[in-house]
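K.L.:
Using the hints provided, position chain B with the ligands relative to the given structure of chain A.
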Amino acid sequence: MISVRGIHKSFDEKEVLTGIDLDIPDNSTMVILGPSGQGKTVFIKTLVRLIEPDAGSISYDGEDILRMSRREWQAYQNNIAFVFQNSALFDFLDVRENLSLFLRMHKKLTPFQMYAEVSRAITFVGLGDDVLDKYPEELSGGMRKRVAIARAMIKRPKYIFYDEPTTGLDQNNAEKVSELILMLKKEIAATSIIVTHDIKLMRDVADRVALLREGNISFTGTKDEISAETLDFLYETRGEYDL
Amino acid sequence: MARIPSEHFFEKLGERSISFFTTVYEIAILFMQTIRALPSLWFYRRQFIEQLYAFSVKTLPIAAVIAIFIGLGATVQSTYQSSELLTRAVLVNVIFKTTILELCPIVLSLVLAGKLGASLAAEIGSMKISEQIEALETMSLDPVGFLVVPRVVAGLLMLPVITIIANFLAIFSSFFVSAVTSEWISAAEFGSGLEMDFKVFEMYFGNLIKPAVYGVLIALMGSYFGLKTSGGAKGVGAASTNAVVVSAVFIVIFDYYLGKLLL
Ligand SMILES: Nc1ncnc2c1ncn2[C@@H]1O[C@H](COP(=O)(O)OP(=O)(O)OP(=O)(O)O)[C@@H](O)[C@H]1O
Ligand SMILES: [Mg+2]
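Chains A and B are the protein sequences, given in the same order.
Per the numbering used here, the first sequence starts with residue 91, numbered consecutively.
Per the numbering used here, the second sequence starts with residue 63, numbered consecutively.
A few of these clues could be false.
If the Cβ cut is set under 8 Å, some of the chain B residues that face chain A in the computed set are [to be verified]:
(1) Glu-73
(2) Glu-196
(3) Thr-200
(4) Leu-203
Restricting the straight-line Cα-Cα distance to at most 20 Å, the calculated cross-link-like pairs of lysine to aspartate or glutamate (EDC-like) are [what the hints assert, rightly or not]:
(5) Lys-104(A) to Asp-116(A)
(6) Lys-197(A) to Glu-245(B)
(7) Lys-290(B) to Asp-102(A)
(8) Lys-275(A) to Asp-151(A)
(9) Lys-248(A) to Glu-112(B)
(10) Lys-290(B) to Asp-181(A)
(11) Lys-159(B) to Glu-88(B)
(12) Lys-290(B) to Glu-142(A)
(13) Lys-224(A) to Glu-112(B)
Source of the hints: derived by calculation from the structure; they are not laboratory data.
Quick caveat: nothing in here was measured; it's all calculated off a predicted structure.
Ideal Cβ placement from N, Cα and C applies to all residues, glycine included.
One chain only, chain A, in its complex shape (with noise of 0.2 Å):
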């Protein structure tokens, strides 16, 4: 369980989180949903500490991560994924080097059994083998999420984060990708933490679900708890969501 309190971030003046609690269960798809620019990229980026907070704590299984020393956490690490709103392919790497970079730096593994990892994650994402040797710029926004997706799996992370999956997709892609969560968490059965705006994703994925609103989580319940009239006060609308 990842246990998070009392999150605060500020940037400058300007206070981006405002002291944040929030409990992810295990196996659990925890989706956090909020408009943009409520902080949703700052959060989960605390999460992982790719930015550190100004306070607060936030525990792995009762492990308070903030407290480790670097060393520690890039160990640590080998149990998180991350999947990033621009997927953050590297640039410069063909398909199978992004694949297998993390095993091929961090595990030790025959010529042979890497190259029937990055088979397996790339056949699971959907895209043929003709895909790894292509370079990032020679792929489609979607298929580039997918390609960003299999190359969080290829860690068997226990924990997998996801920043906004769905954006920037046409509406097939986008289903594709949900879908993709859904699998996943079964495939490896790891905790999914989601932060989005895109209320279909929550429907179609969710365990879980908090809203952020304003830097902070306003709400915590199941997808079935959450009323129109929630959605409406989220995103500052009326009358549009019909449950």
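P.N.:
Quick look at chain B with the ligands alone, frame taken from chain A:
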């Protein structure tokens, strides 16, 4: 109330100098981190080999052109200034030492600060804004070890190599215009000019020490401004410009202090 311009001016000046000193401080920190991460060079050897390649292949053609024309220019200028007071061999000696100790290292470094510094900063900067640097971190790969160390060591090793080649070309082109295509000096006299007052230390200094220092400066500034990039494509442009300008300034400052070491 409108601000009094002079007050505004000093405020701006104050802010500027504070940001200048924080920049220098942060560059020094990055340098220390780079030194501390040096042992990981073996771990990141693939990146290192790619950088060695990039540093040499990207720069040799331009370095060659520049070196040849530095040799030609220095010779033509000295020929013009030659008088009865100095023997031609002495003049060759002056050309030789100015070229090797000062002209070639500094002109080359300034040009490569433009070429390499800008491309390093743009490369790393675009990785920064597209979250690739953070992606490295989530894969337990240290951005300093993965990106900065290979580039700094490549700069340290490759700039001397490039400079040695350039110095040979410069001397050769100088020989070519003064002794081959004209009869300003004989080949034997040219040779005696080179041998005159020959100090091995000076060769090390001009061919190895100076360019190595500049190579580190260029790679470090490019990496620093790349890693500091923020705010989209415009930020990447700003990072390249800053890398070039700041490394050029550092190179001329270091050139002065290194030159004083010779005295
Ligand atoms: N490095 C930073 N420096 C200064 N301000 C920042 C920084 N990172 C984020 N912010 C600010 O924090 C706020 C929240 O940003 P964040 O990127 O978390 O939004 P978001 O909810 O992810 O939005 P989106 O849906 O558009 O991705 C924004 O107002 C942004 O300006
Ligand atoms: Mg975001």
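K.L.:
Looking at the structure, which of the earlier hints fail to hold?
P.N.:
The structure breaks hints 1, 5, 6, 9 and 11; every other hint is satisfied.
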